[in-house]
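Chemist: Sequence:
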Amino acid sequence: RAPRKRWRAAIVATALLFSAAPTSAQDKDRVGTELRAHTRDELPGLRDAAKKSPNDPATHVELGIALAQSGELELAEAEFDEAVGLAPADPATHLKIGAVYYTLGRLDEALSYWHAAASLRRSSSALYNLALAYRRKGMIIRAVTLLEELSKLEPESGLVLFQLADGYVRAK
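Using this note's numbering, read the sequence shown as starting at 1 and increasing by one per residue.
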């Protein structure tokens, strides 16, 4: 049974949410790191860009995303490894790669990259993404803990409050 404090917080969060609640389940589950959709036609250009700028981690991430979206997962993972090798201390690189794995349903890999991003910089995106992945894995208490931390960073965020209220209800 959840403590009274959590129930009161859930009620307050729910009251604040009526005007800010997500409009669909898809909005509720959207990770905080947006990925650009690529088409197969873009792959040659992205491959050329990676050859011309072999030391640019962002180019390798975008090529990896395009490869993953095209179903070429082994090649995508090689590009992600290259990007992390070039920018191991860049949280944005870890966030995007984690978002690809989350989209593919590979939650453990997503969590690994997002934990790396959060250890580099405790950002809203990293915390939100971690909370969603833990919720999807059924680890509601862990998700709620991260959302509570996030709500301190973004106390006015309707989406965060919605997720937090939802987590309190699920954790009962």
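There may be inaccurate statements among the hints.
Quick list of in silico lysine-lysine cross-link-like pairs, DSS-like style, CA-CA up to 27 Å [said to hold, decoys possible]:
| # | residue 1 | residue 2 |
| --- | --- | --- |
| 1 | Lys152 | Lys137 |
| 2 | Lys172 | Lys152 |
| 3 | Lys137 | Lys172 |
It should be emphasised that the hints constitute simulated quantities derived from the structure, not laboratory data.
Chemist: Taking the hints in turn, state whether each one holds.
Modeler: Now for the hints, and whether the structure bears them out:
Annotation: proposed proximity of lysine 152 to lysine 137 holds, straight-line Cα distance about 24 Å (limit 27 Å). Taking the CA atoms of lysine 172 and lysine 152, the gap is near 22 Å; set against the 27 Å cutoff, the hint holds. Proposed proximity of lysine 137 and lysine 172 is supported: the alpha carbons are some 17 Å apart, at most 27 Å.
In terms of the numbered hints stated before, the structure departs from none.
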